[in-house]
Amino acid sequence: MENQWYTISVYSENHVGLLNRISGIFLKRHINIESLNVSKSEIEGVSKFTIVIYSTEDWAIKIVNQIEKQVEVIKAYYHTDDETIYQESALFKIASHLLFDERQIQNIIKEHHSQIVTVSREFFVLAKTGRRHEIDEMHEALEPYGIMQFVRTGRIAVSKAAMPITNLLAEFQNQ
Amino acid sequence: METLKAQKKDKKKSTSIRITGAEAIIHCLLAEGVDLIYGYPGGAIMPVYDELYKFQDKLTHILTRHEQGATHAAQGYARVSGRVGVAMATSGPGATNLVTGLADAQIDSTPLVCITGQVARHLLGSDAFQETDIVGISTPVTKWNYQITRAEEIPEIMAKAFYIAKSGRPGAVLVDITKNAQFDELDFEYEKCTGVRSYKAAPDPDLKAIEKAAELINNAKKPYIVFGQGVILGEAEEQLKALVEKAGIPAAWTILGLSAMDTDHPLNVGMVGMHGNYGPNVLTNECDVLIAIGMRFDDRVTGNLETYAKQAKIIHFEIDPAEVNKNVKVDVAVLGNAKQTLDLLLPLVNKNEHKEWRAEFEKKHQIELETVIEKDIHPTKPGLTMGEVIEQINMASGQKAVIVSDVGQHQMMACRYAKFKQSKSNITSGGLGTMGFALPAAIGAKMGAMDREVVAIIGDGGYQMTIQELGVIFQHNVPVKIVVLNNDHLGMVRQWQELFFERRYASTVMTNPDFVKIAEGYHIKSKRVVERSELKDAVEEMMASKDPYFLEVRVEKEDNVFPMVPTGASISDIRLK
Chain A
1 MENQWYTISV YSENHVGLLN RISGIFLKRH INIESLNVSK SEIEGVSKFT IVIYSTEDWA
61 IKIVNQIEKQ VEVIKAYYHT DDETIYQESA LFKIASHLLF DERQIQNIIK EHHSQIVTVS
121 REFFVLAKTG RRHEIDEMHE ALEPYGIMQF VRTGRIAVSK AAMPITNLLA EFQNQ
Chain B
1001 METLKAQKKD KKKSTSIRIT GAEAIIHCLL AEGVDLIYGY PGGAIMPVYD ELYKFQDKLT
1061 HILTRHEQGA THAAQGYARV SGRVGVAMAT SGPGATNLVT GLADAQIDST PLVCITGQVA
1121 RHLLGSDAFQ ETDIVGISTP VTKWNYQITR AEEIPEIMAK AFYIAKSGRP GAVLVDITKN
1181 AQFDELDFEY EKCTGVRSYK AAPDPDLKAI EKAAELINNA KKPYIVFGQG VILGEAEEQL
1241 KALVEKAGIP AAWTILGLSA MDTDHPLNVG MVGMHGNYGP NVLTNECDVL IAIGMRFDDR
1301 VTGNLETYAK QAKIIHFEID PAEVNKNVKV DVAVLGNAKQ TLDLLLPLVN KNEHKEWRAE
1361 FEKKHQIELE TVIEKDIHPT KPGLTMGEVI EQINMASGQK AVIVSDVGQH QMMACRYAKF
1421 KQSKSNITSG GLGTMGFALP AAIGAKMGAM DREVVAIIGD GGYQMTIQEL GVIFQHNVPV
1481 KIVVLNNDHL GMVRQWQELF FERRYASTVM TNPDFVKIAE GYHIKSKRVV ERSELKDAVE
1541 EMMASKDPYF LEVRVEKEDN VFPMVPTGAS ISDIRLK
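Taken in sequence, the protein lines are chains A and B.
Start counting the first sequence at 1; every next residue gets the next number (my numbering).
Start counting the second sequence at 1001; every next residue gets the next number (my numbering).
Don't take each hint at face value.
Stated by the list, open to error - Here are the simulated DSSO-like cross-link-like pairs (lysine-lysine), alpha carbons at most 30 Å apart as the crow flies:
1. K1326/B with K62/A
2. K40/A with K1160/B
3. K1212/B with K1058/B
4. K75/A with K1212/B
5. K1326/B with K1222/B
6. K1166/B with K1339/B
7. K1200/B with K69/A
8. K1241/B with K1329/B
9. K1329/B with K75/A
10. K1058/B with K1221/B
11. K1212/B with K28/A
12. K1310/B with K28/A
13. K1200/B with K160/A
14. K1313/B with K1363/B
15. K75/A with K1058/B
16. K1166/B with K62/A
17. K1241/B with K1351/B
18. K1200/B with K1241/B
Treat the hints as calculated values from the structure; they're not laboratory data.
All chains, please: the whole structure from these sequences, using the hints.
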């Protein structure tokens, strides 16, 4: 089986220590987490982990099973890139004088549809949301002029198919 | 959900009592039916020990000589009784000493709740005296763990701990309680946990899968069952026997499944795995339908996965969905509790005998009997064998004893040759292979089954890893029978060195102390056997003793355990010598 990108979505209780428990599963299997994001989900009190790995489907299934086995995990899913809508965000901190000294910078901002978040005497900050390669392209374009700081979020993704967590929770309540 | 909870709480308010967190822990244990715990006190758990002192008429605490001993004793108790074992320790080193027992219980699906003291909440993370992040440390080796920092959390978390440890596929749970939560007061009321919304203890049986399984079994010419501890944990022993007898299917055990079925049952064909029986291993690769019940295809069972039962359709009865297709791809997965699923399967299975197929096992058994078994249990050459000691115990105990084995050659011999008529009778460290397990586990097993004989079979290496627990046996006069099979070596490692490392015996030769004198130091009756002629009488004397008894048997120094599937080899290539 071939390696490819998988997005693992985990719905869980919002408890201290669960991140450690989940990351431990990857550690135990010696699988690198390419990106990780934890946030609230569409359900109140339920957290959502979005984890990206590069592996075979067989491994993705085993990992998902191990994650789902954790007491505080409600449900875990895995999806290929085709099955999800996904984005990342990035911030670029750049010296302010470049805005005036390097005309090309303004073109880059326009071409990459990025936003100026703030401008001060010393620096300005650009925000870019999009696919990983789009952010990489903007990074490449800006790099020759000097980037003071760069940071990118983990992937966030929603699946095209339903992830019916609300039903699962209702099922439990009816038991 | 939240409103439901709130309503429940309102109703109960009138019945609550105002007590300290430490006392609440005792009330939680009593409410869970716990009357025996193992542990070791220390600074951060002292408030709870103070309450234990007050409640000693209801709750017995056994002071083991090391925290690891407490976990194994609790495991032995749990394995023999089917109840949750409880161990307690202080923070820091007390807590870290529990880790081996937690890992052992978790990998062998043993219900175990460990309670640890922790430094006060305001000191957390400050590297305080005896502070250690036991929740972080124990995460990979527990089914669930939690740190309580407020007294009010105690009843709900304790209830959850017991529920999670025992339900579904059982496992190890650790609850860490900061010292302030033990001192502070709370309005105590207790409600047993009956469910956790993010956790499904056991999947519901799927009738379609069961029908498919029945169809495969009914059409099989050479069906073969391998059963594991899931049968014992699911209390499905009767269902297994009924299936085996109705469909005429030969069945073999994994070492944790041993004793789920009478070892002398004509359809019980023996043990699978690295040192299992010849037929059960070789014929795994000749059956047409392999029915795995409550077992997890451990590498010690399967050998090389590339050549494991490739010709067979595989049916997996399993409570833990994460075990399905983990090591071996299966054709039909029947998820759920084994008792439930086998009950549903039984009426769908046709009566059958499979005489020719069963004869294959008998043929293989004859080969093994001549080349291995007879030499092990009825040897004629000089020097005592481990096998003949086990056989002697079988005879003297009437096959009724609980056998607790440690890890190594003697363990394999015990699992190969010990005979059982009753379930929950073979207690050993299977998955983790923890040397030092047997002596404390035997203490727990005896306390969990006071009406039964408990015989610990231990090697000279493992014995010295937890030998200090003789102190418990002496102090509480726990009438366990301890048999040390002494070959002055770490026998299993030495065997591998002989076979695969050209006899370079690196650090496997032991110069041992006088074990009899050590037992005498603890005022335990003891004897040493060096000649075959002394063995029978000595074993009989030991089994007849009402008191604890220690028996050292000096066995051959360089005997090997066969058959053997070398690591990574196919089970078809099992070596008889």
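(request) For the pair we were handed, K1166/B and K62/A, check the Cα-Cα distance against 30 Å. (result) holds (24 Å)
(message) Check whether the Cα positions of K1200/B and K1241/B lie no farther apart than 30 Å.
(response) Judged against 30 Å, a Cα distance of about 28 Å means the pair holds.
(message) What's the verdict on K1329/B and K75/A, does the C-alpha distance respect the 30 Å limit or exceed it?
(response) Holds, because 23 Å separates the two Cα atoms, which is no more than 30 Å.
(request) Given the hint that K1326/B pairs with K1222/B, test it: the Cα-Cα distance must not exceed 30 Å. (result) Answer holds: K1326/B to K1222/B is near 25 Å, not above 30 Å.
(message) Just to be careful, I want the Cα atoms of K1241/B and K1351/B compared with a cutoff of 30 Å; is the pair within it?
(response) holds (13 Å)
(message) Against the 30 Å threshold, does the CA-CA distance of K1200/B and K160/A hold or violate the hint?
(response) holds (26 Å)
(request) Measure nothing beyond the straight line between the CA atoms of K1241/B and K1329/B; if it is 30 Å or shorter, mark the hint as holding. (result) This hinted pair holds, its Cα atoms lying about 26 Å apart.
(request) Decide if the proposed pair is consistent with the structure: K1200/B and K69/A, CA atoms, cutoff 30 Å inclusive. (result) holds (9 Å)
(request) Verify the proposed pairing of K1058/B with K1221/B, using a straight-line Cα cut of 30 Å. (result) Violated: K1058/B and K1221/B sit about 57 Å apart, past 30 Å.
(message) Tell me if the straight-line CA distance from K1326/B to K62/A falls inside 30 Å.
(response) holds (7 Å)
(message) Check whether the Cα positions of K1212/B and K28/A lie no farther apart than 30 Å.
(response) violated (35 Å)
(message) Need the status of pair K1166/B, K1339/B: alpha-carbon distance at most 30 Å?
(response) Status holds; Cα separation ~16 Å.
Going down the numbered hints, you'll see the structure goes against 3, 10, 11, 15, while the others check out.
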